[in-house]
Amino acid sequence: MQQSVARSFLDSVERHRSSNALITIERAWTYEELGRLTGAVSSFLGSTKLERGDRVAIILPNCPEYVAVFYGIHLAGCVVVALNTQEPAPVLARLLEHCGARVLFVDDKLRELPQLRELTSNGDLRVIPVSEDSGEWSEIVSGSLPNFRRHVVDSRSSDLAAIIYTSGTTGSPKGVMLSQTNLFANTQSILNYLPISWVDKCFNVLAFYYSFGNSILHTHMTAGACLILQNHVAFPHAVLKRMESEKATSFYGVPTTFALLFGRDRLRDANLSALRYIAQAGGPMSVAQQQQLAEDLPGTEIYVMYGQTEATARLSYLEPAHLVDKAGSVGKAIPGVTLRVGSSDESKHTAESPGEVYAFGDNIMSGYWNDSMASSEVLRDGWLRTGDLGYFDNDGFLFLTGRSSDMIKTGANRVSPAEIEDVIARLDGVAEVGVYAIDDAILGQAVAAAIVTEPGVELDIQDIQRQCLAGLSSFKVPKSIKFVESLPKTSSGKLKRHVLVKDYEEREQSE
Amino acid sequence: MASELQTQVRAFILENYLFTDDESALGPDESLLDRGIVDSTGMLEIIMFIEDELGVQVADEEMIPENLDSVNRIAAFVSRKK
Numbered sequence: 064m065q066q067s068v069a070r071s072f073l074d075s076v077e078r079h080r081s082s083n084a085l086i087t088i089e090r091a092w093t094y095e096e097l098g099r100l101t102g103a104v105s106s107f108l109g110s111t112k113l114e115r116g117d118r119v120a121i122i123l124p125n126c127p128e129y130v131a132v133f134y135g136i137h138l139a140g141c142v143v144v145a146l147n148t149q150e151p152a153p154v155l156a157r158l159l160e161h162c163g164a165r166v167l168f169v170d171d172k173l174r175e176l177p178q179l180r181e182l183t184s185n186g187d188l189r190v191i192p193v194s195e196d197s198g199e200w201s202e203i204v205s206g207s208l209p210n211f212r213r214h215v216v217d218s219r220s221s222d223l224a225a226i227i228y229t230s231g232t233t234g235s236p237k238g239v240m241l242s243q244t245n246l247f248a249n250t251q252s253i254l255n256y257l258p259i260s261w262v263d264k265c266f267n268v269l270a271f272y273y274s275f276g277n278s279i280l281h282t283h284m285t286a287g288a289c290l291i292l293q294n295h296v297a298f299p300h301a302v303l304k305r306m307e308s309e310k311a312t313s314f315y316g317v318p319t320t321f322a323l324l325f326g327r328d329r330l331r332d333a334n335l336s337a338l339r340y341i342a343q344a345g346g347p348m349s350v351a352q353q354q355q356l357a358e359d360l361p362g363t364e365i366y367v368m369y370g371q372t373e374a375t376a377r378l379s380y381l382e383p384a385h386l387v388d389k390a391g392s393v394g395k396a397i398p399g400v401t402l403r404v405g406s407s408d409e410s411k412h413t414a415e416s417p418g419e420v421y422a423f424g425d426n427i428m429s430g431y432w433n434d435s436m437a438s439s440e441v442l443r444d445g446w447l448r449t450g451d452l453g454y455f456d457n458d459g460f461l462f463l464t465g466r467s468s469d470m471i472k473t474g475a476n477r478v479s480p481a482e483i484e485d486v487i488a489r490l491d492g493v494a495e496v497g498v499y500a501i502d503d504a505i506l507g508q509a510v511a512a513a514i515v516t517e518p519g520v521e522l523d524i525q526d527i528q529r530q531c532l533a534g535l536s537s538f539k540v541p542k543s544i545k546f547v548e549s550l551p552k553t554s555s556g557k558l559k560r561h562v563l564v565k566d567y568e569e570r571e572q573s574e
Numbered sequence: 103m104a105s106e107l108q109t110q111v112r113a114f115i116l117e118n119y120l121f122t123d124d125e126s127a128l129g130p131d132e133s134l135l136d137r138g139i140v141d142s143t144g145m146l147e148i149i150m151f152i153e154d155e156l157g158v159q160v161a162d163e164e165m166i167p168e169n170l171d172s173v174n175r176i177a178a179f180v181s182r183k184k
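Just so you know, the sequences run in chain order A and B. Counting in our numbering, the first sequence runs from 64 upward without gaps. Counting in our numbering, the second sequence runs from 103 upward without gaps.
Don't read these hints as lab results, they were simulated from the structure. Where a beta carbon is used, it is the ideal one built from N, C-alpha and C, also for glycine. Fair warning: there could be bad hints in the mix.
[Said to hold, decoys possible] With the C-beta cut set under 7 Å, the calculated list includes, among others, these residues of chain A facing chain B: (1) ALA297; (2) PHE298; (3) HIS300; (4) LEU323; (5) GLN528; (6) ARG529; (7) ALA533.
[Stated by the list, open to error] Between beta-carbon pairs, the in silico distance windows are: (8) B:GLN159 to A:ARG403: 50 to 58 Å; (9) A:PRO518 to B:ASP131: 44 to 52 Å; (10) A:ARG403 to B:ASP131: 54 to 62 Å.
Isolated chain A, as found in the complex (with noise of 0.2 Å):
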């Protein structure tokens, strides 16, 4: 029998029938009740016409029905595409189509369900609404067995086990595949450096579609321990005064989560007593944060720590008791994954000239979907070419100064300039545009672009932005538009961004 998520999850529905494996804002979800819920869906899905490796998409927030729908896919043998709930319609029907979806489990509340349904009503996907009301969904519950182990489909390791949609360009979407091993591996080298157990209640509020809050779900489910739901931190008091009253052991965030919730001096009058430990990755946050975080929390160990999608998630992290001797650091390799910085010799390296990051483990993708071009720029070898750049200090904690790519990162997103050139180029009166990153006190960086008009034509900055919600998800409309003459370019044509990034800082500091 093969090691899968989906089976340590099971195994802890055994051992852990009666504790709380969810708590909602509604009400707390036992494993035996998520275990049901989950055997459902596999034997639903044991009843379609699937074949082992089709693939199945949700569209859901974080909720026990999503729990219960990925590891029920997996259970019979399937591949899961979560997708970003954000996302417009016209994406979400272009990579239900791209991923060749043949089942999609989406939250009937969605926005832009109408849409998407209308977009996909060629192909034939079946498009499931899951909701207490609708009839399908009420029929795949109720079909919950007991004895649901007998349904399952046993995966091989090398068997297909997620796609996991990164921001690309438009026209070739970059799915990155994930196989049984490299979900599987990653969680137990997490497992090996977290201090997570079954007594542990940690409040999670990042999306489970993306690596890091994937790597969330599937840390905590084996470990038997407990995940209380919180879908947003639009209101950080209240969202804190939950954490207080459900005792919460641990937090996740990015730079962006923490810059909200615990804003404002909020931490002060706030009792986390019951906090062990907090951990925080998606992009660099400032020493300086990270020291106003050690002062607030005092009992609370700190862990900073490095990933990417195409490494399932989790690359590095630094020890909490090196948060300040190594400060800036995303500390050494996890348990099973080895970093190396360029190509060859890694000394010549340092702060003055940094190289690329590499990783080599049985996390590492094994390509994207369907682009094997895309595949073969960042794989070499078994070796993951990271993007970023970095060095090793003199006793091996790696440090990164930078991207080599052109990857924007905001709040949790990463969000690729080319995908908001491709559908800015394509609006009337644009003859040319660039796309950038711009600093931005809470998101990290913000989206910004820099436009020449054609000829005569005068284009109204709202407008573009109102066009670029038609296709695009919201927080990868840019935040600044400017017209200008002509985009800086290389003498071989290549957009200069740096350029532009200079122009607009200057520009600022002369306004």
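Since chain A is already given, all that's left is putting chain B on it; use the hints.
Quick look at chain B alone, frame taken from chain A:
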């Protein structure tokens, strides 16, 4: 009849999140979060707008959906505080 405050709040949200001045794009009682018009960061920006442009300080314990999660709720909250 919409109050001046309501108009101001609605205009801010329309301009910054829906990129339009078409008032029919946003109902006065629609939830900003449930409709996906703003996310957690957007809500922080709305609070900054209330404090900087409307001149009303929002205390931490006042940051709750009942005060902030629709045009009408924001307008009512601000007029109570003024």
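Results of checking the hints against the structure:
1. ALA297: Status holds, d = 4 Å.
2. PHE298: holds (5 Å)
3. HIS300: holds (4 Å)
4. LEU323: This interface hint holds because 5 Å falls under the 7 Å limit.
5. GLN528: holds (4 Å)
6. ARG529: holds (4 Å)
7. ALA533: violated (10 Å)
8. B:GLN159 to A:ARG403: 50 to 58 Å: With Cβ atoms ~52 Å apart, the hint holds.
9. A:PRO518 to B:ASP131: 44 to 52 Å: Since PRO518 (chain A) and ASP131 (chain B) have Cβ atoms about 46 Å apart, the given range 44 to 52 Å holds.
10. A:ARG403 to B:ASP131: 54 to 62 Å: Once the Cβ atoms are compared, 57 Å apart, the range 54 to 62 Å for ASP131 (chain B) and ARG403 (chain A) holds.
Of the numbered hints listed earlier, the single one contradicted by the structure is hint 7.
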